[in-house]
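Participant: Residues per chain are reported as follows:
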Amino acid sequence: MHIKSQKDFASGLVYTIIGAAFAYGATSYTIGSAARMGPGYFPLLLGIILALIGSVVLFQSLAVETPDGDHIGGWAWKPLTYIIVGNLLFGILLGGLPSIKLPAMGLIIAIYGTTVVVSMAGDEFKLKEGLILATVLSVISYLAFIMLLKLQFPVWPTFISG
Amino acid sequence: MELFNNLALGFGVAFTFQNLIYAFIGCMLGTLIGVLPGIGPVATIAMLLPATYALPPIAALIMLGGIYYGAQYGGSTTAILVNLPGESSSVVTVIDGYQMARKGRAGPALAAAGLGSFFAGCVGTLILAAFAAPLTEVAFKFGPAEYFSLMILGLIGAVVLASGSLIKAVGMIVLGLLLGLVGTDVNSGVARYSFDIPELTDGIGFITIAMGVFGYGEIIANLSKPEDQREVFTGKVTGLFPTKEDFKNMTPAVLRGTAIGCMLGILPGGGALLAAFAAYTIEKKTKLRPGEVPFGQGNIRGVAAPESANNAGAQTSFIPLLTLGIPPNAVMALMVGAMTIHNIQPGPQVMTSNPELFWGLIASMWIGNLMLVILNLPLIGMWIKLLTVPYRWLFPAIVLFCAIGVYSTNNNTFDIWLVGAFGVIGYGFIKLGMEPAPLLLGFILGPMMEENLRRALLLSRGDWTVFVTRGLSASLLAVAAVLLIVVMLPSIKSKREEAFVEE
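Protein chains in written order, with our numbering: chain A, 1 to 162; chain B, 163 to 665.
Treat the hints with care, as some may be off.
As the list claims (entries may be wrong) - As a list, the in silico BS3-like pairs of lysine-lysine whose alpha-carbon atoms are at most 30 angstroms apart:
id	chain 1	residue 1	chain 2	residue 2
1	A	K126	B	K387
2	B	K303	A	K128
3	A	K78	A	K150
As the list claims (entries may be wrong) - Restraint ranges, calculated between C-beta atoms of paired labels, are given here:
id	chain 1	residue 1	chain 2	residue 2	range
4	B	E454	A	V85	27 to 33 angstroms
5	A	I48	B	I536	52 to 58 angstroms
6	A	A20	B	R617	48 to 54 angstroms
7	A	I72	B	V551	53 to 59 angstroms
8	A	S99	B	G351	26 to 32 angstroms
9	A	P67	B	A170	35 to 41 angstroms
In short, the hints are calculated from the structure, not lab data.
Glycine is no exception: its CB is placed at the ideal position from the N, C-alpha and C atoms.
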């Protein structure tokens, strides 16, 4: 057995697993009948369809020849990590984490934290540049979201603003 | 004439000072973000959507319309000047537009795109206004079976026109449908797939998915490529206006493009992309005038025709959304989400229950188009400056605004965790060659499809043949089947692949 398209093989696998998982999950809800559909009916149907589609894709990836093997290639771990961590950091700083008793730091500190961390995802990173960018973005965000759109954000850390 | 009364009502709404300002802000913001390379209209709209939360519904929709046109126009600007299509429908614009820019004729190319789009937008708006009323009548005859079949047709149409593998795109739709089911089932009150997380019982926010998959996913993918040699034509945009000769060449192209765009745009599946391709192909088939530049080397018709076509298509693709409540493409799916946030359920009832909103929106589309021409052409220098902003400053800003945007939707940090997860998933999709647009469409349609399927089968007492025994429903399904078969025919299949690869 030889995989002829790596990308299709992986996506076929993803479809099959997710489809099966949804279908399995659906069985814990009432299925009902076509005339009286329970909450599990439609997801069960779709889950099975997705799993079938997945197996067709899987089959194709083994049967249909591709010129270059459709390699997935390396994963860009660096941008992936920094961007996702930066994003999570925004949530943590903005809202705090009650589970570890971290107080909410508010919008401005969250912007600094996120901008600097996300900037590290790029090829060249200079801390000074990141801080300047964060300052600019803080001003813009404050003017646009707080002053103009009046969105409800904690702006400053709770221990300062109370 | 009823049409003119309706349009007058619409313009009465749209021409208030407040709404004009919102249309203006929308166009500006849309262009601002749309011009940035690597951000398509879907990500742009998702990112700017929170900015409309605080507005009254009409103003919000008008602003969103402006954002949409701005984003599209910004996309063409990037296509012409940087050789980077900001969105799939400006892929063909790149071919001749970039060549024109390299020859120092970026100005006329941008003007041709702008003027062509404006003309197409005017025609598209008129067609939309004219067709909306009769189509709404038809929509009222639709039962649940017809709606279900129509959604099938819409989803099939969407993948048929998408590039890449057909079966994988269908898989993405089904995956989207399933994700759309997460949350409390309206009929039984059962929280499905929520894993006892209270935030998930309300379902996954579509903005969260759109921003995670289209925003974060794309940024990660962009960053993983080495920074390519981008050639930006900043100093060379002189002489904005096309010459007389240019006008002579582009006028018929604009007319043809508009006609093609209007027709294909109505098709479920959203024909903007197909329209652009078809328009370009037709121009290529027509004879060159003596002394005209060949296609692929900077022919102005190669810019004017596809740009007119995609704008006309963008306009008429509002028809299925506004009359039937069914979004034909990912952008329209976002509009549905936006409408629901403002407590408007898109569909035939909008026109009767909310005529000022309906016609106001249509009128503001035209105003949005006009604004793009009178604003953006003179401001082109400013947009070009934006293109020179290095990507290493842009992407942190985009990530930040996405995070702020998802948080502001519910004022809940849970959405921020979720958008991060969808960012990883979105990057995975790109790595595995799975197109995310059908997913978003399926996601929006999921609950609607389930509801209509449930009702149709309840009425037929569980008899599945109801979908083929009712005439209208059967013909909709037949069209969907024909579409699928046609695309799978070997000869068409190779043509389709060729079209997406070659251009």
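Participant: All hints, please: hold or fail.
Facilitator: Against the structure, the hints come out as follows:
no., hint, result
1, A:K126 to B:K387, "holds (20 angstroms)"
2, B:K303 to A:K128, "violated (64 angstroms)"
3, A:K78 to A:K150, "violated (35 angstroms)"
4, B:E454 to A:V85: 27 to 33 angstroms, "violated (54 angstroms)"
5, A:I48 to B:I536: 52 to 58 angstroms, "holds (54 angstroms)"
6, A:A20 to B:R617: 48 to 54 angstroms, "violated (28 angstroms)"
7, A:I72 to B:V551: 53 to 59 angstroms, "violated (32 angstroms)"
8, A:S99 to B:G351: 26 to 32 angstroms, "holds (30 angstroms)"
9, A:P67 to B:A170: 35 to 41 angstroms, "violated (59 angstroms)"
In summary, the numbered hints that this structure violates are 2, 3, 4, 6, 7 and 9.
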